[in-house]
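Trainee: In case you want the letters, here they are:
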Amino acid sequence: MERDTAAAEEPAVPGRRLRRREGRTRTVRSNLQPPPGAEDPAAKGARHLADNRLKTTKYTALSFLPKNLFEQFHRLANVYFVFIALLNFVPAVNAFQPGLALAPVLFILAVTAFKDLWEDYSRHRSDHEINHLGCLVFSREEKRYVTRFWKEIRVGDFVRLRCNEIIPADILLLSSSDPDGLCHIETANLDGETNLKRRQVVRGFSELVSEFNPLTFTSVIECERPNNDLTRFRGCIKHEDGEKVGLHKENMLLRGCTVRNTEAVVGIVIYAGHETKALLNNSGPRYKRSRLERQMNCDVLWCVLLLVCMSLFSAVGHGLWVQRYQEKKALFDVPEPDGSSLSPVTAAVYSFLTMIIVLQVLIPISLYVSIEIVKMCQVYFINQDAELCDEETGSRLQCRALNITEDLGQIQYVFSDKTGTLTENKMVFRKCTVSGIEYEHDANAQRLARYQEGDSEEEDTVPRGGSLPQRGSTGSHQSARGLHRAPGTTSHRRSGSRAEARRASMLSKHTAFSSPMEKDITPDPKLLEKVNECDRCLAMARCQEHPLAHLSPELADVFDFFIALTICNTVVVTSPNQPRQKVRVRFELKSPVKTIEDFLRRFSPSRLTSGCSSLGNLATTKATHKSGSSSLSALSSECSLLRVEDQLGGPAPVITSNGYSSGAAGWAPDPKPELRYEAESPDEAALVYAARAYNCALAGRLPDQVAVELPHLGRLTFELLHTLGFDSIRKRMSVVIRHPLTDEINVYTKGADSVVMDLLLPCASDDARGRHQKKIRSKTQHYLDMYAVQGLRTLCIAKRVLSQEEYACWLQRHLEAESSVDNREELLFQSAIRLETNLHLLGATGIEDRLQDGVPETIAKLRQAGLQIWVLTGDKQETAINIAYACKLLDHDEEIITLNAESQEACAALLDQCLHYVQSRGPHSVPEKTTGYISVGFSPLCPPSEPATSGPCLSLVIDGRSLAYALEKNLEDKFLFLAKQCRSVLCCRSTPLQKSVVVKLVRSKLKAMTLAIGDGANDVSMIQVADVGVGISGQEGMQAVMASDFALPRFRYLEKLLIVHGHWCYSRLANMVLYFFYKNTMFVGLLFWFQFYCGFSASAMIDQWYLIFFNLLFSSLPQLVTGVLDKDVPADVLLTKPQLYRSGQNMEEYRPRTFWVNMADAAFQSLVCFFIPYLAYYNSDTDLFTWGTPITTIALLTFLLHLGIETKTWTWLNWMACGFSVLLFFSVAFIYNASCATCYPPSNPYWTMHTLMGDPVFYLTCLLAPVAALLPRLLFRALQGSLFPTPLQRGRQLAKRSPKKLSAPKETQGPHVGEARTDPSEPRSVSASRPHSQDYTSQASWRRQQPACSREASGEPSVVDVSVPLREAPGSSAAPERYPGDSRTKPSRPAPLASIFSLPGFGSLRWVSSLSLVSGLGSVLHFSRSSLQVDKQDGEFLPRRPRPDRDLCGLTAASKQKQATDYF
Amino acid sequence: MTWSATTPGAHQPDNTAFTQQRLPAWQPLLSAGITLPLFFCVGLAFIGLGLGLFYSSNGIKELDYDYTGDAGTGNCSLCALADQDRAPPRNCSCAWYFSLPELFQGPVYLYYELTNFYQNNRRYGVSRDDSQLSGLPSSLRHPVNECAPYQYSAAGRPIAPCGAIANSLFNDSFTLWHQRPAGGPYVEVPLDRTGIAWWTDYHVKFHNPPLVNGSLALAFRGTAQPPNWPQPVYKLSSDPNNTGFINQDFVVWMRTAALPTFRKLYARIRQGNYSTGLPRGAYRVNITYNYPVRAFGGHKRIIFTSISWMGGKNPFLGIAYLVVGSLCILTGFVMLVVYIRYQDQNDEDEDEE
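Residue numbers (this note's numbering), protein chains in the order written: chain E, 1 to 1464; chain F, 1465 to 1817.
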């Protein structure tokens, strides 16, 4: 049972009130124990705790009606309609029968309520199902585990879970059948990650020899309040003896996860039901309001205004009318019921209110419901689109936000993450450099190329599934699916590594991130040779005192490098074919040092003082301690034995060899096919596989030890003292291990080069060794930069050897940090920083993250569609630029502005300089055009229609630090203005927060529609901030997807989602909303014109039934069908002509002007539809409603014909709906008019319709009026179609005229594919019979060209280093570098790229040196350091160099002035 | 499970034309070429229809006389003068003389027309009780509130028929006299006063309350006549089938007009010698002038008209059809020009694509 701390203090106060006051911790006790205070019974304490019953329903049978109504009345429109309906109950002003007036609003409320009820019921059903799942709970009465329902589990219960069971609540792991106290869980339900996570029994419980007995559990658990942070759990467990043990998230089994690979576990429930982290995280779908809807709401307000105006006009008119005829005692004037005459003012007030009732149709009551229906259908269609379904993984697009589909059609800015979004996030080890020597891995590169080639072949030749017996059924199933598809629609677009992806998906049940491409790495022969040499040497020298000393420093580095690759990670080894227990070899040191006592116990105080010089002494002590403490079990590792012997001088070689042979027997035969590595991030897996390729295989990992398998040395077991996990601020991870060969305490650090290079041990420059180190570092830096240029992800590997004192000292503070409950993260972070200093650089790796299929094409398409694409990445600048080139985000004929500033002032100066340059370079970009008018500013600067005139496009590259400066309040306008001028923007090294700030900035300042797409947790904030957030359900878990509005399997699906579905959704909804306004205005117009002929008395010639049900019944279906199904342009045209997307961006379908034109047309049509019957029945003996019915009919026909003009595609559903509407109207009219002779006052329409049907004038007016009313619109549309067709109409004409032409270019999506195909050097012949393979071919060829291109870039002297002296820049046109042709033809090309990279301190010195890394094709805008004549070091440059300073000031002032008028 | 909604959809979407939005569809493109024949066809059809309508409307003869009695417009002005003080003299009579040079082709209908009379104003229009008029005894005794202030008389008796519409019943009457030989005596032309109301109104909607002892007067006992009425409802006519609520004039009046200027059928001339129409000769209409309209600027007219298949004389429809038809033809020509001028250009565009 559990109590909160505050509750314990005041037990008398009821629980409900207590909850508000409870402290920040929760206390959990075993339910099996009697509560500590007898006056505080368990039932009472547990009362205010959530039990494990899942209740996601909103309503109960009783509360449904009031609660639902209350919720519905939050919508203002509903209140308004109810108000109108209630107004009808006032006799003086009522217009309709009161009951009848309630009908539509009741109908709307009922439909919504029914929908809510149905949703709630399905929730209830699923809740019920989940609540009645069974699980084993320890029963106090029966003293054993009994099966209980999930809902009966309470906090403090002991739960026993077996393998593959779903965890019912958040449970603290107390016991596991696993001998190491481990439990593996799969968290796919929670975050979508399929790799197994390891959880650990609470320290202290894992040592129990016998089975855990819940009855003996007397400890008290203190932990934090329930929260939704999945990645955190803090608390401690207090044993009866007062001992406190910290609890971490590794001890928690979260609800919803599945127990895997573990026979049984027992735990105590900490959080149950709705307090579990899984449910706290489950916030349900998001509700956003789309831009269109905001605009629509504004127009609804206009309608309200119009309504009020009409009513006022009527009221005044009626007042005058009453005054005029009352005096004259007209026969038709009706006095007040009491006989007194009605004052004109009262009459006017009555008339006003009645008019509001009569004209209420103007505010479309069904609009909201219709929009919701249409959106639901749109979401359905998007979900159903087979082309947005990833065949390989079987996942498909999900719409998580239900009501912003039309926003997809209006996106102006796309903010994309790089890793995992543009790229596969499937890391392939490509290159490495160890101690300054680079290993090219040519064979590996060839192998990768083969993989890419192989994809297309495999597609047709290898029978799928047959090659993979373990998941054959899935494979054949998928192939069957593939065959079902129409070949024209899907498969030809699926280029790239389809087979590989499929394979990966098949394996994904067991391993994450390991396609064969990542696993099979061809080692570099030179390096392999060195590794083997190390191995041999060490094997020979292992018995000596310092085995590593026998190696040359280089070889030692090589050895350490691979050891680091192998163990500096969190990769879990599993062997699916073998039970875990048999593989594992136990080791007597149970856990890493967790307490200082433990440490002191292990390392005697004398050792601490004597230091590491007495290594042998230490070993001796330790060995005796070991042998004295516990007998070495039979299972205890040969390695530990070996190590003891090593230290002791090894008198027992027999044992040693035994140990080795046994190890070899266990491991050597062929461990590779049996072991699988499960990594949390793909680059970890890539590195481990790489190390395995060098025969340095990770053989097993336990919480306290890592086993590494080497061919000669055999199995080395490293005692794992600490793992300092990766975080995005440190950008590195470290492990602290005890090296088995040297018994030294080593820290291996792996991290981003930018941080690791700064943490290196400063090397003395006076001795040879130091100089050598320095050289190695600069070489490594050089290779790192080169890797980055090639688009590889770089990681630095470093090492630190800790002395015992250092370690002890650090450990003490680390343990303090670990055991603190508050502020633990912060302390741990600082502790990690203390450890990771003075590192020794071992080497660096380059991992390739391959671009996803179709990314360049998609980007090209999106750009053609007028979307500005910004890439926000945490990667380093060079990598990002290179990837940007690879995915065609940057073009080689583009100018790149690079902003790297180290201070606020420098950033401001650079920005000004760039702005000047931008403004001077082309008249078209002079901001006059954008002056003060934001919507003009939206139009992208480099539309494809005028690229020739505008010169090369600009691109902006900015790094994280400069971005931070640029996002300051005083610079953000300039930055945005500059960014707006650029075709693409690349933000490197940006933090998650910066990403979201950038998005927010663009969204709020430019008033632009933004879309953020990302796949990782670091993109979540960006996704949440953007108007539309898209998550890629990729490799990095589901956080991004959880936060997103739409989840895509691949980046390339964004193309169809935006360009096709977004456009459709927008155009459909916009047209429907416009039609709604038109319809209602037109209908109301009829009534309003009539007021002129009935003394403004709010009389209606249209029968109240028609008036009320017209919107709801007669005219609703056709527009719904059109709103759901209409396709203004077919999908293939939209895809081939992405420019059509601009209509949505520019809000062409629905903008204020269209709204008012639409309203004017409605007014005209209502005039025609009113006056034609008016004149036709003028001077006749027709009565009011016999005259009103033809008008209603005319209105209906006009609406349908109008819809017909606006409908672009007529399916049978449209025809049906229109026919149905007409039929429904007439049959309702017939039945209604025949139903009752004396009912429905005042219209009393008995037999009206029947009479009319016999009247030819009825038919004649019904024929004439709609035609006359729609003539102008038809004329306009026809003329527009012929004379000045909109792009959309052109697209439609194109589709209509040449349907075959369009299907032809479908084969060659994107420009470069076509290019590649025409390439004569293309090795693969283009087979006409297999259109699919062509794309793969071109894809592959392109991929192969890419590295060549970058090599050329690095090899050739290609960078144009143009200096723009600052004082020349202002105002001048900066001519020389404007045209790429100029720069290319320049004979002298200074500063080859390589030389720039080898500049000392390149990485740290680029505060103002904005240089672009471009291949020879590109032109470079290079504000070089020399031009500004300032450097980072002399930060006081401003006072020292007055002239640039003045220039800067002038610049700033000038641009500030401009900014006031120009920027926004 | 609640979180299972977020797991990727395991099953593939249905590959049907509907879900993939590939339903076969007709995609009309509005352009000059397409609409050209449409405009011409519609235009021609409308012009044809319009001509027909125009001629058939022109074939209808209409003869009307404004007998409101504005000063100097005839002998009804005396009655009209009396009307000024809102106390219409009982049975003030006047007459309208006209002569027909030729046969007025029948069947001839006699209408009266009121202008500026807002029968369609809201409070007037609702002031009636349909169930009372359908003869329901309980409604007869308890008229609905909408009838107020003509619901109960000052004495508290229910008014039958209640409401403002009934109260303002048109009560002029006309007789038509024909001077067959010139200078001869005027012979009364028989006016058929039956069948002027809708058949359903007369037979279904309007019923007298059940007779008490065979007497309609007894059935209406306890009710009051509307204030403006000179006599109770059961004395509207001597014909038992045309008195009470089913008096045809009353039924016609109760069907409120749509517009402030309206006609109501008074009689049909179809009996005896006049079944084919009014023969040539001099005529006199004797008007019993009761109904006061001058106070509110209204006018009263009396109209003889023949009727064609499309009803009374109304040239509007024909003209409207002609106008719209010509507009269509005109637009058609515009389209033709556009089509010819821009066809080539579009073809070029197509070639460019």
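Fair warning: there could be bad hints in the mix.
Stated by the list, open to error - Once the Cα atoms are required to be at most 30 Å apart in a straight line, the calculated DSSO-like pairs of lysine-lysine come out as:
1) Lys143(E) <-> Lys115(E)
2) Lys731(E) <-> Lys779(E)
3) Lys774(E) <-> Lys731(E)
4) Lys1728(F) <-> Lys1525(F)
5) Lys288(E) <-> Lys774(E)
6) Lys1728(F) <-> Lys328(E)
7) Lys1699(F) <-> Lys329(E)
8) Lys1525(F) <-> Lys1777(F)
9) Lys1525(F) <-> Lys329(E)
What the hints assert, rightly or not - Derived, one-sided and incomplete: chain F residues facing chain E with beta-carbon distance under 8 Å:
10) Gln1484
11) Leu1487
12) Gln1491
13) Leu1494
14) Ala1496
15) Pro1571
16) Tyr1588
17) Val1590
18) Ser1591
19) Ala1628
20) Val1668
21) His1763
22) Gly1776
23) Tyr1803
24) Tyr1806
Quick caveat, the hints were computed from the structure, so don't treat them as lab data. All values reported here derive from a predicted model rather than from experimental measurement. Each residue gets a CB set at the ideal place from its N, CA and C atoms; glycine is no exception.
Trainee: Against this structure, judge whether each hint is valid.
Mentor: Verification of the hints:
Only pairs whose Cα atoms come within 30 Å are accepted, and Lys143(E) paired with Lys115(E) is rejected, the gap being roughly 47 Å. A hinted pair counts as satisfied when its Cα atoms are at most 30 Å apart, and Lys731(E) with Lys779(E) qualifies at roughly 22 Å. Between Lys774(E) and Lys731(E) the alpha-carbon distance is near 23 Å, which keeps this suggested pair within the 30 Å criterion. At most 30 Å may separate the alpha-carbon atoms for a hinted pair to count; Lys1728(F) and Lys1525(F) meet this at roughly 17 Å.
Of the supplied pair hints, the one linking Lys288(E) and Lys774(E) is violated, its CA atoms being roughly 56 Å apart against a limit of 30 Å. For the given pair, Lys1728(F) sits about 24 Å from Lys328(E) by alpha-carbon distance, which is consistent with the 30 Å threshold. At most 30 Å may separate the alpha-carbon atoms for a hinted pair to count; Lys1699(F) and Lys329(E) meet this at roughly 26 Å. In summary, the hint linking Lys1525(F) to Lys1777(F) is supported, as the alpha carbons are separated by about 7 Å, within the 30 Å threshold.
As the CA atoms of Lys1525(F) and Lys329(E) are separated by approximately 36 Å, the hinted pair breaks the 30 Å bound. Restraint check, Gln1484(F) versus chain E: the minimum CB separation of about 6 Å is within 8 Å; hint holds. Interface hint at Leu1487(F): satisfied, since its Cβ lies 4 Å from the closest Cβ of chain E, which is below the 8 Å cut-off. Contact between Gln1491(F) and chain E, as hinted, is supported at the beta carbon level, the nearest pair being about 5 Å apart and thus within 8 Å.
Here the hint on Leu1494(F) is kept, as its CB sits about 4 Å from the closest CB of chain E, short of 8 Å. Restraint check, Ala1496(F) versus chain E: the minimum CB separation of about 4 Å is within 8 Å; hint holds. With 8 Å as the threshold, the beta carbon of Pro1571(F) stays out of range of chain E, its nearest partner Cβ sitting at about 15 Å, so the hint is violated. For Tyr1588(F), the interface hint holds, the least distance from its beta-carbon to any beta-carbon of chain E being 5 Å, beneath 8 Å.
Evaluation of the Val1590(F) hint against chain E yields a held restraint, the C-beta minimum of about 4 Å falling below 8 Å. Here the hint on Ser1591(F) is kept, as its CB sits about 6 Å from the closest CB of chain E, short of 8 Å. Evaluation of the Ala1628(F) hint against chain E yields a held restraint, the C-beta minimum of about 5 Å falling below 8 Å. Checking Val1668(F) against chain E: minimum C-beta separation of about 5 Å stays under 8 Å; hint holds.
Given hint, His1763(F) at the interface with chain E, is violated; its Cβ is 13 Å from that chain's nearest Cβ, farther than 8 Å. Restraint check, Gly1776(F) versus chain E: the minimum CB separation of about 6 Å is within 8 Å; hint holds. This hint holds: Tyr1803(F) has a C-beta 7 Å from the nearest C-beta of chain E, less than the 8 Å allowed. The restraint placing Tyr1806(F) at the interface with chain E holds, with a minimum CB-CB distance near 5 Å, inside the 8 Å limit.
Violated hints for the displayed structure, listed by number in ascending order: 1, 5, 9, 15 and 21.
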